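Take the sequences, apply the hints, and build the full model.
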Amino acid sequence: MSENETNDSGPGAAAEGRPEPRQRGPRGQQQQQPQQDAAPANAEARNPNNDQAGGDGGDGNPNAGGGQNPGGQNQGGQGGRRGRRDRRNRHGGGGGGGNNPQANRSGMYDDEEFDESKNGGGNGPLIDLNELKRKNAAELLLLAETLGIQEGVARARKQDIIFLVLKAHARAGGGIYGEGVLEILQDGFGFLRGFDASYLAGPDDIYVSPSQIRRFNLRTGDYITGRIRPPKEGERYFALLKVDHINGEPPEASKNKVLFENLTPLFPRKAFHLERGNGSSEDITGRILDLVAPIGKGQRGLIVSQPKAGKTMMLQNVAQAIVHNHPEAHLIILLIDERPEEVTEMQRGVRAEIVASTFDEPAVRHVQVAEMVIERAKRLVEHKKDVVILLDSITRLARAYNTVVPSSGKVLTGGVDANALQRPKRFFGAARNVEEGGSLTIIATALIDTGSKMDEVIYEEFKGTGNMEVHLNRRISEKRVYPSIDINRSGTRREELLIDPDQLQKIWILRKLLHPMDELAAMEFMLDKMKNTKTNDEFFGAMKRG
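Once you know that position 160 of the sequence shown is 160 in UniProt numbering, the rest is easy, because the numbers rise by one and skip nothing.
Hints in this document: simulated from the structure, not taken from any laboratory. All values derive from a computational prediction rather than experimental measurement. Don't take every hint at face value.
Listed next, with one range per pair, are the computed distances between beta-carbon atoms [unchecked claim]:
#, residue 1, residue 2, range
1, Arg426, Leu142, 45 to 51 Å
2, Gly464, Thr264, 37 to 43 Å
3, Glu233, Thr344, 23 to 29 Å
4, Leu142, Asp449, 49 to 55 Å
Listed below are the simulated SDA-like cross-link pairs for lysine to any residue, each with C-alpha atoms no more than 25 Å apart in a straight line [said to hold, decoys possible]:
#, residue 1, residue 2
5, Lys425, Val411
6, Lys232, Lys257
7, Lys410, Lys378
8, Lys257, Lys378
9, Lys158, Glu436
10, Lys135, Glu145
11, Lys158, Leu147
Positions of the beta carbon are idealized from the N, C-alpha and C atoms, including for glycine.
So, in structure tokens, the structure goes:
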């Protein structure tokens with residue numbers, strides 16, 4: 001029996017006394033199935049492209065319309081081992097498409113076997129899926145008209161229009177190039193999601209077969225680029241044909257990477273310099289943070305704030321400074337339970353990867369977005385990259401986990417389940433400087449004085465876990481003094497590892513000077529002195545002369 005042939009006559013063959021088939025054609029598995037396997041319910045369940053669309057989504061599933069379950073629980077009538085075996089056979093062991101004898105068991109097409117014209121690759125012009133996603137609705141409608149798509153396009157969603165455009169392009173003989181962040185579901189297969197849609201499941205997602213995942217040791221969060229094919233008859237999703245790059249590197253380079261959990265955590269030793277030296281009012285926030293609570297590569301920091309104290313604007317200023325001064329760092333801004341207009345402002349104001357789940361989304365959506373972001377960051381750190389996650393806010397994320405976690409029967413003060421905070425702590429605890437190279441920095445905001453006992457409990461649980469804290473004071477912000485930092489309560493652990501010794505001595509002298517002052521007076525003193533200088537070195541020089 002050849003490598004591409006699989007003996008899958010089903011458990012009913014021996015019982016009925018039928019001889020075991022030794023060889024069969026490309027549709028052999030359908031001919032040899034017992035009669036009960038041809039029932040409509042199981043036929044639907046065995047369609048690999050229905051694995052996402054199998055269930056009704058259930059109550060509270062944000063992807064019920066698309067049929068994909070972000071939690072990985074696909075309840076579309078999976079047929080146990082036989083159903084999984086059927087799916088593998090139908091895909092030829094990989095993402096190359098069902099019943100194709102050219103696909104090898106690895107999930108890739110060998111160079112001498114890969115025929116683009118037969119597998120949806122086409123010899124025509126290549127079209128990039130991400131370029132389509134960056135087009136606005138008017139441009140997509142114009143492109144659809146040029147391809148002869150007219151019915152049902154004008155009032156369709158953007159993702160549906162992209163899906164129709166790609167199908168028409170493939171029918172015309174064109175090739176398709178796709179990319180996305182992998183999310184592996186519980187049944188072993190996965191889909192490539194786009195971060196421009198905040199990893200929301202949609203009709204333009206790309207199916208990745210279990211054999212491709214096993215061959216390349218893929219994990220949730222890997223950024224994959226490669227050739228894809230359009231869905232065949234009865235399928236709903238595009239399928240990955242060939243893996244070109246994994247996290248920007250050839251597939252062979254990612255096989256032997258060290259898992260994030262096996263990397264050695266260290267204290268941060270290199271600082272992110274937030275000072276831009278342009279003398280602007282936005283630069284003052286970064287300059288004060290460089291002195292009061294420096295942020296290192298691998299920092300685990302909390303911005304503790306009352307409502308309306310300016311925490312979101314501080315995050316935006318920090319993000320702009322990191323993008324300007326440290327373009328080598330991969331910046332991800334994660335907005336959980338925030339207002340939609342703030343998401344738009346962040347997208348337009350910061351050139352970074354913005355991932356958001358607004359307050360009108362269900363809690364399960366918040367959790368799925370957060371899990372995708374942290375897995376994406378871990379994969380980048382495994383490739384020795386410096387990653388920064390700015391999270392707003394960890395309080396709302398913990399509330400979402402408290403909503404979706406199964407009840408343990410033990411409830412803490414404020415209605416927090418005893419097991420609810422384990423997963424957000426695992427998220428926050430992933431921040432670390434890595435001895436082998438790379439770092440993961442997480443700066444998260446935590447809400448206090450909201451009138452909710454639950455928020456107080458969440459803050460108390462996270463209070464001692466970070467190695468940097470910045471406290472904002474609402475009394476300062478009510479005077480319209482920004483940034484409203486409580487200098488005496490803010491600081492970084494082991495700051496001597498991040499700051500030059502001469503600079504550190506000057507900072508300690510400054511702290512001794514500010515300590516007797518009221519927090520409002522201290523902040524006004526700092527702002528008054530900093531407005532007359534462009535850099536912190538000039539600031540200390542002026543202080544020495546004054």
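**Item:** List of violated hint numbers, smallest to largest
**Value:** Those not satisfied are hints 2, 3, 6, 7 and 9.
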